[in-house]
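Once you have looked at the hints, place chain B on chain A.
2 protein chains.
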Amino acid sequence: MLLRPATPLGKSDRVNKPQKVNLQDKLALFAEHWSPKAVGRLNDYEIKVVKLQGEFVWHTHEDTDELFLVIDGRLTIQLRDQDVELGPGEMFVVPRGVEHCPKADGQVAALLIEPEGVVNTGDAGGALTATPESLV
Amino acid sequence: MLLRPATPLGKSDRVNKPQKVNLQDKLALFAEHWSPKAVGRLNDYEIKVVKLQGEFVWHTHEDTDELFLVIDGRLTIQLRDQDVELGPGEMFVVPRGVEHCPKADGQVAALLIEPEGVVNTGDAGGALTATPESLV
Chain A
4 MLLRPATPLG
14 KSDRVNKPQK
24 VNLQDKLALF
34 AEHWSPKAVG
44 RLNDYEIKVV
54 KLQGEFVWHT
64 HEDTDELFLV
74 IDGRLTIQLR
84 DQDVELGPGE
94 MFVVPRGVEH
104 CPKADGQVAA
114 LLIEPEGVVN
124 TGDAGGALTA
134 TPESLV
Chain B
4 MLLRPATPLG
14 KSDRVNKPQK
24 VNLQDKLALF
34 AEHWSPKAVG
44 RLNDYEIKVV
54 KLQGEFVWHT
64 HEDTDELFLV
74 IDGRLTIQLR
84 DQDVELGPGE
94 MFVVPRGVEH
104 CPKADGQVAA
114 LLIEPEGVVN
124 TGDAGGALTA
134 TPESLV
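Chains as they are written, first to last, in the numbering used here: chain A, 4 to 139; chain B, 4 to 139.
Hints are all accurate, no fakes.
A pair holds if it fits inside one copy or across any two, identical chains being indistinguishable in the list.
Result set (SDA-like, lysine to any residue): computed pairs, CA atoms no more than 20 Å apart in a straight line:
hint: 1; residue 1: K106; residue 2: A34
hint: 2; residue 1: K20; residue 2: V101
hint: 3; residue 1: K20; residue 2: T67
hint: 4; residue 1: K23; residue 2: I74
hint: 5; residue 1: K29; residue 2: I74
hint: 6; residue 1: K106; residue 2: D84
hint: 7; residue 1: K106; residue 2: I74
hint: 8; residue 1: K20; residue 2: N46
hint: 9; residue 1: K29; residue 2: R44
hint: 10; residue 1: K23; residue 2: H103
hint: 11; residue 1: K23; residue 2: A112
hint: 12; residue 1: K23; residue 2: T67
hint: 13; residue 1: K106; residue 2: G128
hint: 14; residue 1: K20; residue 2: G100
hint: 15; residue 1: K106; residue 2: D86
hint: 16; residue 1: K106; residue 2: R83
hint: 17; residue 1: K23; residue 2: R83
hint: 18; residue 1: K106; residue 2: P91
hint: 19; residue 1: K106; residue 2: V122
hint: 20; residue 1: K29; residue 2: G92
hint: 21; residue 1: K29; residue 2: S137
hint: 22; residue 1: K29; residue 2: A41
hint: 23; residue 1: K23; residue 2: L115
hint: 24; residue 1: K29; residue 2: P91
These are calculated hints, taken from the structure and not from any lab test.
Chain A with its partners taken away, still in its complex shape (with noise of 0.2 Å):
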């Protein structure tokens, strides 16, 4: 007969207890590009970070806003009638039915929040699209 161990209780606290969430440390565990990553849940809205490099594809979401908040780098989120250029510290929310594609020169990590279950490419689909995956 095999006897189950005991759950050690730092283990149990941890998977028990709500976390902090180290924005840095999440950025580490993966390298690849337009990717999002879901750190958190604010009710029924997705806290995602992502890394960007390069041109995304113009998409449009219809019935929500999205959030971009820039922790490194320089990103440019593509308008049809202006570029919104944003480095570190600085926050855009694309209105909803609003066409854009977000570009980065170098690379860019950023922190998206929108509800869940929106898709990356929105209207557009395509290659990019992304299946998000779960860092919590």
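Below, chain B without anything else, positioned relative to chain A:
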């Protein structure tokens, strides 16, 4: 007869186009503590910046989670069963229904995200209850 001058193009542009938000620029606009200022919206959520120093009041938001992301300084979010210590670039989502009390020995600047209309003191009320102002 008075002639109404044409609206300068630049001013019209600024009013109509969505703008980026530099968090440090917004923080430079006020000095008071425990008085969150709205700097943006994400659907029906408000994005706020706040300066914190000293100890707040124990309170609960029964209907919503609340996101804290520290920009500057060190913040302790006291829960009844643990203290969560946050430095710059660290975030914590207080789950709905969980009593909490933020505390800062030095000055802290933080980003808050929660649904529009959430009262900062939750169920506790009292002197620290703030009427949200907008810096948008």
